[in-house]
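J.: Listed below, chain by chain, are the residues.
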Amino acid sequence: MISVHGLTKRYALGSTVITAIDNVSLDVRTGEFLAVGGSSGSGKSTLLNIIGCLDRPDKGTVVIDGQRTDQLSEKRLNSVRLNNIGFIFQAFNLISSLTVYENIELPLLIRKDVSADERRTRVNTFIEKVGLADRRRNKAHELSGGQRQRVAVARALATRPGIVLADEPTANLDSHTGIEVINLMHQISRDENTTFIFSTHDPKVMNRADRLVRLEDGRIIEIVDNAGRDVSIIDKIESAGKYTG
Amino acid sequence: MRFFLLSLRNAQHNRNRSITIAMFVGVSVLVYLLLNAFVSTAQNKTSEAITDSLLGHVQVRPNTDDVAPIIDMSADWGTSNHFTSTQVDTALDVFDRLTNVEATPVIRLNMLVGQVSNETTVRDGGEQVGVVAIGFRGEIDHYLQNLKLETGSGLGSGHNDEVVLSSSTASKLGVSPGDPVTLSAEAINGTVVTLRATLVGIGDAQSLSGFEDNLAYISFNVGQQLKGLAQGEATEVMAFGNSIASAKSLRGNVDETLGDEFLVTDWTTQGGFISGISTAFTGIFYVFLLILMVIVCILIVNMVAGVALERSKEIATLRAIGYDKTRIIMIFLIEVLACGAAGAIVAALLAWLIGAALRTHEFAVGSPADDVIGSTFTLHYSPLAGLPGTLVILMIVGLSSLIPSAQASSRNPAEALNED
Ligand SMILES: Nc1ncnc2c1ncn2[C@@H]1O[C@H](COP(=O)(O)OP(=O)(O)OP(=O)(O)O)[C@@H](O)[C@H]1O
Ligand SMILES: [Mg+2]
Numbered sequence: 001m002i003s004v005h006g007l008t009k010r011y012a013l014g015s016t017v018i019t020a021i022d023n024v025s026l027d028v029r030t031g032e033f034l035a036v037g038g039s040s041g042s043g044k045s046t047l048l049n050i051i052g053c054l055d056r057p058d059k060g061t062v063v064i065d066g067q068r069t070d071q072l073s074e075k076r077l078n079s080v081r082l083n084n085i086g087f088i089f090q091a092f093n094l095i096s097s098l099t100v101y102e103n104i105e106l107p108l109l110i111r112k113d114v115s116a117d118e119r120r121t122r123v124n125t126f127i128e129k130v131g132l133a134d135r136r137r138n139k140a141h142e143l144s145g146g147q148r149q150r151v152a153v154a155r156a157l158a159t160r161p162g163i164v165l166a167d168e169p170t171a172n173l174d175s176h177t178g179i180e181v182i183n184l185m186h187q188i189s190r191d192e193n194t195t196f197i198f199s200t201h202d203p204k205v206m207n208r209a210d211r212l213v214r215l216e217d218g219r220i221i222e223i224v225d226n227a228g229r230d231v232s233i234i235d236k237i238e239s240a241g242k243y244t245g
Numbered sequence: 001m002r003f004f005l006l007s008l009r010n011a012q013h014n015r016n017r018s019i020t021i022a023m024f025v026g027v028s029v030l031v032y033l034l035l036n037a038f039v040s041t042a043q044n045k046t047s048e049a050i051t052d053s054l055l056g057h058v059q060v061r062p063n064t065d066d067v068a069p070i071i072d073m074s075a076d077w078g079t080s081n082h083f084t085s086t087q088v089d090t091a092l093d094v095f096d097r098l099t100n101v102e103a104t105p106v107i108r109l110n111m112l113v114g115q116v117s118n119e120t121t122v123r124d125g126g127e128q129v130g131v132v133a134i135g136f137r138g139e140i141d142h143y144l145q146n147l148k149l150e151t152g153s154g155l156g157s158g159h160n161d162e163v164v165l166s167s168s169t170a171s172k173l174g175v176s177p178g179d180p181v182t183l184s185a186e187a188i189n190g191t192v193v194t195l196r197a198t199l200v201g202i203g204d205a206q207s208l209s210g211f212e213d214n215l216a217y218i219s220f221n222v223g224q225q226l227k228g229l230a231q232g233e234a235t236e237v238m239a240f241g242n243s244i245a246s247a248k249s250l251r252g253n254v255d256e257t258l259g260d261e262f263l264v265t266d267w268t269t270q271g272g273f274i275s276g277i278s279t280a281f282t283g284i285f286y287v288f289l290l291i292l293m294v295i296v297c298i299l300i301v302n303m304v305a306g307v308a309l310e311r312s313k314e315i316a317t318l319r320a321i322g323y324d325k326t327r328i329i330m331i332f333l334i335e336v337l338a339c340g341a342a343g344a345i346v347a348a349l350l351a352w353l354i355g356a357a358l359r360t361h362e363f364a365v366g367s368p369a370d371d372v373i374g375s376t377f378t379l380h381y382s383p384l385a386g387l388p389g390t391l392v393i394l395m396i397v398g399l400s401s402l403i404p405s406a407q408a409s410s411r412n413p414a415e416a417l418n419e420d
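Residue numbers (full-length UniProt numbering), protein chains in the order written: chain R, 1 to 245; chain P, 1 to 420.
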C-alpha cells in the first residue's frame with residue numbers, strides 16, 4: 001500500500017521555478033497494476049522517482065507500507081530501495097560489463113538476508129520467468145531491446161520487492177515487443193502480488209493497467225479505473241499523450 | 001563482497017583503460033624499485049665504508065663539553081681528551097658481556113708521515129704528508145673491507161711499529177711496504193713526538209676515497225707513543241655489533257650501563273659530512289619519486305573522473321537498486337587497485353629480472369659521487385626491500401581514485417538517470 005499526500009516538487013531553473021509535481025495525492029493498493037499517463041513534462045518521472053525514494057519531495061508525505069519515506073535519511077532511503085523497491089528504466093540500464101545472469105544477481109549480492117544458494121535459485125527462477133534461460137551468459141549488447149528489458153524486469157523482481165516502478169518501460173521498444181513486456185510485468189505482478197507503477201505514452205500499454213492516473217502540469221487531472229475497458233478515454237489520452245517536445 | 005565482481009568485470013570490459021592504469025602504476029613501481037635499489041645499495045655501501053674504515057658501529061669517548069661528531073669538515077683528531085686505563089677497561093667490560101660484539105680501544109690523532117732517506121736519518125725538508133690516523137689494538141680488521149690492500153699486509157704483521165697507508169699517500173711519499181717512514185704528532189703534553197715505523201701495507205679506498213686519501217692506520221702502541229699516553233690509555237673505545245642496522249640498539253644498551261663520564265654514540269650521528277652527502281643523494285631520489293607520484297595521482301584522478309562521467313548512468317542505476325555510496329566508491333577503488341596491482345606485479349618481476357641481470361655488472365661512477373661511493377658500483381637488488389614503497393604507491397593510487405569516485409557517487413541519482 002502506497003499513500004501519497006499533498007506531494008509537491010519544484011525545480012529552480014535560473015529565476016523561474018518549475019513545479020514538476022503540484023499537490024498530488026494518491027493511494028495505490030498492494031498488488032495494483034497502475035499506469036501513469038500524461039504528456040511530456042507533465043511530471044511522471046518526477047512522481048515515480050519520489051515514490052521510488054530516489055528523490056525527495058519539497059512538500060507532502062509518502063507512506064510505503066506504513067512507513068513514511070519522505071523524511072528518511074539517505075542511508076535509510078538506500079535500504080528502502082534495496083529491500084522494498086524495484087526499478088525498470090526506459091533505456092533498460094543494464095550494466096554493460098556484466099552478463100544477463102550477473103545483472104539479475106546484482107541487487108542480491110548486497111542483500112545480507114539472501115544466502116548464496118537462495119541467490120542462485122532466485123536468479124534462475126526469474127531468468128526462466130522472463131524466458132532468457134538460454135541467454136544467461138550473454139552480455140547486454142548481445143541482446144535485443146525486448147530481451148534487455150526482460151532482463152531488467154528480472155533484475156527488478158529478483159529481490160522480491162513490494163513495489164516495482166517502471167518509467168516508460170516500453171518507450172524504447174516497438175509496440176508489439178512493448179505489449180509483450182507489459183504482459184510479462186502484468187503476469188508477474190499477479191503471481192507475486194507486486195505493486196507495479198509504470199508511466200507510459202502508449203495507449204495500448206495503458207490498456208493493460210488496473211487504473212490509469214493522468215498528469216498534466218504536475219497535477220492529477222484524471223483517474224480512470226480499468227483504463228483498458230474504456231476505449232474512448234484511451235483515444236483521448238492517446239491524442240493528449242503525443243510528445244509535445 | 002561478491003559485488004567486487006563488478007570491479008573486475010569493469011576492468012575487463014574497458015581493457016585499454018585498465019592497461020593504461022596498469023602501465024602507469026607499473027612504470028612508477030619499476031622506476032621506484034630500481035632507483036630504490038640503487039640508492040639503498042649506494043647508501044649501504046657508504047654506511048659500511050664509514051663504519052668499517054672510520055667509526056665502527058658504536059663509539060665511547062670521554063664525556064666533555066666540546067663534543068663534536070667524530071667526522072666533521074675539519075677531521076681534526078688533535079683532542080687531548082682521553083680515557084684512563086681503568087675507564088678503558090670499564091668500557092671494554094661492558095662490550096665483553098654482550099654476544100657478537102667486538103670492541104677495541106682506539107687512538108685517533110693527526111700526524112705527519114715522512115720519508116726516511118737512505119742514510120737512515122730523518123730527512124729535513126723531505127716530503128711529508130698530513131694524515132688523520134686511527135690506532136687499533138688487537139685483530140680488528142674491518143678497515144680492510146674498505147681499504148683493499150694492494151701490496152703488503154694489514155696491521156699485526158709482526159713488526160713492532162706499523163703503519164698502513166692509502167695508495168695515494170704512499171705514492172706521494174714514494175714508499176712501498178717494508179720501507180721505514182717517520183711519524184710525528186703532537187702529544188697531549190704539547191711536545192712533538194717523532195718516531196720511526198714500518199710501512200706494512202698499501203691499500204686502495206673502495207669508497208670515501210676523498211677522505212681516505214688522508215687516512216692512515218697505525219698499530220695501537222704507535223698511537224700511544226705519538227699521543228704520549230700511558231699503558232692502557234686510549235682516546236676512545238670502538239665496537240662492531242651484528243650489523244650497522246643494530247648499532248642504535250647496541251648504543252642504547254651500552255649507554256644505559258656506562259656512567260656519565262662516558263659519551264656513547266653510534267655511527268649514524270658521527271658520520272658528519274660523509275653521511276650528509278649520502279643523505280642528500282637519497283633526498284634527491286625522494287623528491288624525484290614525489291614528482292613521479294604527483295604525476296601518477298593527477299593521471300589516476302583524471303582517468304577515474306572520466307570513467308565516472310562515462311558511467312554516471314550506471315552509477316545512478318546501482319544507486320537505484322540499493323547500492324550505497326561507499327559500495328560504489330569501493331567498486332571503483334577495487335577496479336583501479338586491481339589494475340594497479342597487476343601493473344605493480346609485472347613491474348616487480350621486471351625489476352627482479354633487471355636486478356638479477358645487473359648483479360655482476362660494474363657501473364662506473366662519475367665525479368663527485370665517486371669520492372663517496374667509489375669509482376665502481378654493483379647493484380644489489382633485494383626483491384623485498386621495495387615492498388613497503390610499492391604498497392605506498394598503490395595506496396596513493398587508491399586514494400587518488402577516491403576523490404572522483406566519491407564525487408560521482410554523491411550525485412543525485414534521479415538527476416543522473418534523467419541525463420542522456
Ligand atoms: N532535475 C531537474 N531540474 C530542473 N527541472 C526538472 C528536473 N527534472 C524535471 N524537471 C522538470 O520537471 C517537469 C517534469 O518533468 P518529468 O521528467 O517528471 O516529466 P515527464 O512527465 O517524465 O516527461 P517525459 O514524458 O518527457 O519523460 C519538467 O518540466 C521538467 O523540465
Ligand atoms: Mg519521464
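Quick caveat, the hints were computed from the structure, so don't treat them as lab data. All residues carry an ideal CB built from backbone N, CA and C; glycine is no exception. Among the hints, a few may not be true.
Said to hold, decoys possible - In silico negatives: residues of chain R with every beta carbon more than 12 Å from chain P: (1) 14; (2) 78; (3) 105; (4) 139; (5) 156.
Stated by the list, open to error - With a straight-line cut-off of 25 Å between C-alpha atoms, the simulated DSS-like cross-links for lysine-lysine are: (6) R/139 with P/172; (7) R/75 with R/59; (8) R/139 with R/129; (9) R/112 with R/75; (10) P/325 with P/313; (11) R/129 with R/204; (12) P/148 with P/172; (13) P/313 with R/75; (14) R/75 with P/325; (15) P/325 with R/112.
J.: Run every hint past the structure and note whether it holds.
T.: Cross-check of the supplied hints:
1. 14: Holds, since 17 Å exceeds 12 Å.
2. 78: The assertion about residue 78 of chain R is violated, with a minimum of 5 Å to chain P.
3. 105: Check fails; 8 Å does not lie beyond 12 Å.
4. 139: violated, 9 Å
5. 156: violated, 8 Å
6. R/139 with P/172: Violated, at roughly 82 Å.
7. R/75 with R/59: This hinted pair holds, its Cα atoms lying about 20 Å apart.
8. R/139 with R/129: holds, 19 Å
9. R/112 with R/75: holds, 16 Å
10. P/325 with P/313: Holds, at about 14 Å.
11. R/129 with R/204: Since the Cα atoms of residue 129 of chain R and residue 204 of chain R sit roughly 23 Å apart, the hinted pair holds (cutoff 25 Å).
12. P/148 with P/172: holds, 18 Å
13. P/313 with R/75: Status holds; Cα separation ~20 Å.
14. R/75 with P/325: Holds, at roughly 9 Å.
15. P/325 with R/112: holds, 17 Å
The structure shown violates the earlier hints numbered 2, 3, 4, 5, 6.
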